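Novice: Chain residues, written in single-letter form:
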Amino acid sequence: MTAPGGAATRPDLALASRDAGLRGWSPQRMWSVAGAVVLVALVWGFYAWDGAQTTAVLGGTVRAATLLVLGAMCGMIGERSGIVNIGIEGQFLMSAFTAFTVASMSGSLFLGVVAGVSTGLAMGWMLAAMSVGLRTDQIIAGTVLNIAALGLTSFFYDRGRSLGQPKYQSIELGPLADLPVVGTALFNRPPLTYLALVLVVVLHVLLLRSVWGMRTTAIGEHPGAAATVGIDVIRLRYWNVTLAGGLAGLGGAYLALESVGTFTRAMSGGRGFLALAVMIFGRRTPLGAYAAALFFGFTTALQGQFQLNDTFDIPAQFVGMLPFVVTIIVVAAAGLFGRMRDPAALGQPYEVR
Amino acid sequence: MTRTVLRAAAVPLASVVLGLLLGAVLITVQGHSVLSAYGALVLGGAGDADALLRTLQKATPLVFGGLAVAFAFKAGLFNIGGQGQLLVGAAFAAGVGFGLEGVPLVVHLPLALLVGGAAGAAWGAIAGVLKATSGAHEVIVTIMLNFVAGNLTDWLAANPWQDRSGSNIIARTPLVEPSAEIPTWGWLPAGFVLAVMAAFACWFILERTTYGFEVRSVGANRHAARYAGISVGWIMASTMAVAGLLAGLGGAIESLGVDGRFEAGVNVGLGFEGITIALLARTNPIAVIPAGLLVGLMEAGAAKMQFESGVAPEIIDVIQALILLFVAAPLIVRWLLRLRDRPDAPDRRLTLGAGWGR
Amino acid sequence: MAAAAETVVSQAEPEVLLAGHGITKRFGPVVANDDVSVELRPGRILALLGENGAGKSTLVNVLFGLHRPDAGQVVIADENVELSSPHDAIARGVGMVHQHFQLVPPMSVVRNIVLGAEPRKLGMIDVAQARRRVMDLADRFGLHVDPDAAVEDLPVGAQQRVEILKALYRDARVLIADEPTAVLTPQETDHLLGVLRGLTAQGVGIVFITHKLREVMAAADDIVVLREGKVVGTTTPAQTSEAALAELMVGRAVDLHGDRFESGATGVGSAVSTTAAPSDEAPIAEAGERPVVLDIAGLCTDDDRGQRAVDELSLTVRAGEIVGVAGVEGNGQRELVEAITGLRHATAGTVSISDRDASGARPRQVTVIGVGHIPEDRAKHGLIGSYSVADNSVLNRYFKRPFAAGGMLRRDRIDSHARDVVATFDVRTPDVESPADSLSGGNKQKLIVGREFSDEIDLLIAAQPTRGIDIGAIEFIWRRIRERRDEGTAVLLVSAELDEVLALSDRVAVMYEGRIVATVDPRSATREEIGLLMAGAAPGAAGGS
Amino acid sequence: MTRLTKRLALVLAIVALLAAACTGSDDSDAFKIGLVTDTGKVDDKSFNQSAWEGAQEAAAALGAEADYIETEEAKDYENNINLFVEDGVNVIITVGFGLGDATIAAAKENPDIFFIGVDQFQAEALPNLAGLIFPEDQSGFLAGALAGMLTETNIVGAVLGTDLVPPVVAFKEGWEHGARYTNSAVETISTYHPGGLDVAFGDPDWGAATARQALDQGADIIFGAGGATGNGALIEIASQEGAYCVGVDTDQWNTVPEAQPCLVTSAMKLITPGVADLVAQAESGEFAGGNYLGEVGLAPFHDFDSIVTDDMRTTLDDVLAGLEAGEIDTGWPPG
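Residue numbers (our numbering), protein chains in the order written: chain Y, 485 to 837; chain P, 128 to 485; chain Z, 470 to 1014; chain B, 490 to 824.
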């Protein structure tokens, strides 16, 4: 099975605890590397067979993965700090709305992105205020965000407003874009996709290597211990959940201004929940989540391709099940390989004694 | 008795009032009349027998969906799969409803309900069994199963089970046989009676039976439950099946009692609203009934509100979110009302999130 | 921020390192500390002695800035201070080794030590520097640990060393150690006391919380005895005796009937014992003729990480005998108990209980054939905290008559049973409807014991039955276990407290790295011998059951 | 408690004043038009909007009043129609075939009110109910014929709502047959949204991603048909240099301005004039029940006027004639 992130049980923490470097490979890691090799070989084979289609599928993969990984990163910062965030869907939707509205009114996509990110931050702060400050149940807090976002964006939806300019366009990264197989998929993308890719790498390093990342792990695993060494658990949780909201906000801006170029009601279409699945599947590391998001994006793009090609003579409804059924199978199989342990303090409100 | 009920209801009631007040601000800001809006909302939801019927019909799947979420929560499981479970329940109940002919009502209707419930139970059990055997997170699995159920039932309605009569071009089944229809007595739909019975049954099972004891034990402390000899895997699997059964029944009643058939796309969101209902009711099965009624009333009256006052029906969602926020954060309400908790009152704060990670 | 570890010894020596003057702290109606004054001077070890609930922990939490006192003054290094958080205390050179280690289990040793005061390079942790500093510290104080291991993979003793290093890394000149020896072997305890001595030689002052008299007498310079939130005595080892301390601490003479050890030889029990002879109700000689109730042969099982934890272990327990399993925690005791009770899958070997094959039985089946189980972690495994006392009192039997009939719970029967348990086992609770979380540790444990004892059982498995509870409750539970033994129940006692194992057992099986390395007669073996066996020093010693 | 009561009373008082101020009497004898949407909105840039524009157009022309109700849930169709019935309107427009049954039932119950069912085929004629239906296959065929002539890569794509909705299938079949009619070498690649009916028309992200996938494998003219989903496709295609897109239902040059860089034309169903015409008939008493076949056609080429050559126009005219004469097989209905 090519389970993304099906590596060591907790690759992040294993890394954290093995500063000395790699010490042997676990069977899971061997499996996932072997799976990756097979996958790369397959992709290469298909590329040789039909370059245009392979490029199309890979492009679709990266595209679908971008939003998911942004949401997943928002979720994982929260969860690593001990806060469950099921309000990603609402954060996407609300920031897509403000990003679109501001970009439309100001005529500047950049201002739209700023508005989207700000909205994400504000919603992150609200989640923090509810779940950290008021110690509301975290699931409820997230649900409040979801319902409120759906209601508010629909209520204030401005009929007839349009972006009034093209959405973000692809930027070719010089010769890189001419590479076979991955050239178009990775190096001829619009700006926010690049930004998301950079964020994945940066956040991965930050979470696993930085002082902030270590403290974040500490407040998610054992907030009491963190407090005894002078870490302000409440403050850090506030900061983390708020800043994480900015990532979902970027996701919303990406959705409205780069992926689609307009806003419609409920346009997030459950992708915030999928991001949650991607986060868990990717074992709460940015690279793992990106692998999971790519996997999910790949199955999505593949099912589109099957339809475009009339590959199978079965109804669209069944082809459409592919990403979901495959995800269930992979999640179940990955569970058999080694269960992931959640941050020990996840979901529990922290009270200062 | 009344005192304790009042005390328990104080915060939710105040939350509703506060939610409506803030909603009124939004309505006023938009330049509409709050009085005519809320007046129409109530009239549209309870103004006459028709309105009442509509409210009860809307409340029915909400109660079932709420129970499906609340019951799973008792075992520490987060069932986001109400929507999928409801859909398969609705589709299969309709399948039995129109597929069998010449069967007496006493057989046909229960059978159709049973098959719908069983379909939902099977759908829920998938997530439960996977959780118990491989540790696959029920949140992921139920989200995915929602999509799968949507596709599956759409396909059923558009292909093998499609109504081929006359000029029908819609992806829907034929009408169910009269022997499979759930009756409506004046303004009282029998389905709502079933919903109320289901809520009490859930309460009874959870509080009065050994099975319920096991479910709550697993939810409250999975480790201690295991040490006490309770099969945690079985409880997780069976609880998800029960949750699915409840949602499936809700769907079956929609098909057999409200729509008269299964049609692709008409049960949108019903299962998801169960989450709101369960949270509003703080996962108490009995409290699910008033929560379902409240939301049902708002939804039943929303069209009249828009018609009379021009307020977009989405305001309902905003008000719901606000009410949920206040219910979930009683600190705000207590502060506003200057309500003081009795110092010896145990901490009754709801903690569902704590069950998330285990 | 990054504390330099090089200079632990201060330049200008203060007269008083740490002191509390007239500390009063209330929690609601409970007065946890009532006008308590203590003082620690450089290079000295101050022992805070008292029962559970005497207010020791509250006092040090106040001194460490975790609680704010309602009245009184905290003094650090001759200065009156207001501590708003532990950070303030840490910044002033106070370190704490918590009883429940404040370590982040999945993180590495180095990371745990530097957490909160990390050496940085561009916002990243300077791993090389952190590692070097930790290694330097470890070398200097003789506290050896694998810097790269995850804390959760370390044995308890090593985790404790990490805790101490954590404090020293922060330049601690005062070290508060909360019951540091509770989970150590006698040898490890001695080693720890040596380390603490070494620290005092470098000018560090130590506050040492314990209820073990032997350690106080061996290690302390000053002793403060607390009872019910008040200071009831201030003395030094030279001026007092274990017996006098025990009486001060408990407020009355305590009789732990059946204690086999000479007064003065060991901890609490021995200090207050009145009889040195074994009880004659269950003479060892007869035990051999009684039927075998628990028969374990060649049992193997793995721990949570898939490592072999119990290794071809064989052991028998006969009716009417208490077999104590002694050993340092983490040598497979927990896995052994879980394998017997059906909670853990055995990879090889057999378990039979009352001549019935219980290998691979599920926990419920094991309960039903007559096994009572007092789990070692009462909060996590023994009770459901949010459940009422009543519900908890039937956690093992709620499905059986008379508590259930036809799948329905019978509340009246459950409640009356709970009232019986509460009365018989002296569980202090306002009523049986109170949540179990509201009980104190000792009462929780009595509730569990009451529950497990209220059914007919052939075998009792008691894991750490008295951990962390006060002497009154210990006394009570020991007496109950003995009674049960005398009535013919087979008892398997697993305890990290050697004193407890020695006080209760008819036979002692010493467990080391998943095996029983020796079975000894507690009347003839010495603490030191058993301690060596527990440390794996003499695997060749006479063994087998 | 008392403080809250006071505040509450204050708010209520203000509210009551506002309400009193706003409540003017508007009971007039004017001709009244009511419109009930399907679960879409009147601003969906698609058929609900077109129908609403038709109602407004008619209202303006006739000096009538027009109002609408947006349906939140399919189960509310009957109730929402009844709200207009109770209000005493003269004409009720119901949009979408989903309201078919409810409309028929209401028409039978209220013979004095005229009903217009957009996209509702009437199997048996009621005197007060007109089903406004369109030959979508012909509309799609025309657009496809143009696409077949415009494509240079000989790959034409379609990004569609869902096959659960017959008009969408009719558009698709017509489009594909039309493209092959004018260009035998053409390859057609079409996709339906793979999700349920609840999301199929509201998922612009999927529409955009799928359109991109079609572009990446060589399609240079793509038909976007499926509400917001199709609009997403159009906007995506607009960002590809040299690619063309075709809109649906209305002239999407106006409704989706973001698509102007690629929008050659739209395969239109002239709902707005159809609705307006039917309302006018109702007002003048010429209303006839049964089916009313609305017009279809291609929207103006706008900026792309110059690239559609005279030859192409001639071919399109021939095709239109052929379609009207029933000489051309559009592939729909199948068989």
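Treat the hints with caution; some may be incorrect.
Where chain B lies over chain P, by a calculated footprint (3+ residues, C-beta under 8 Å) [stated by the list, open to error]:
| hint | region |
| --- | --- |
| 1 | 272-278 |
| 2 | 294-304 |
| 3 | 322-331 |
| 4 | 431-443 |
Here are the simulated distance ranges between beta carbons [stated by the list, open to error]:
| hint | chain 1 | residue 1 | chain 2 | residue 2 | range |
| --- | --- | --- | --- | --- | --- |
| 5 | Y | A520 | Z | R601 | 53 to 63 Å |
| 6 | P | R461 | B | A550 | 58 to 68 Å |
| 7 | Z | E902 | P | A328 | 17 to 27 Å |
| 8 | Y | L526 | Z | T816 | 35 to 45 Å |
| 9 | Y | D794 | B | P762 | 34 to 44 Å |
Keep in mind the hints are simulated off the structure, nothing from the lab. No experiment lies behind these values; they were computed from the predicted model shown. Just so you know, even glycine gets a beta-carbon here, dropped at the ideal spot from N, CA and C.
Novice: Tell me the hint numbers this structure goes against, listed in increasing order.
Specialist: 3, 5
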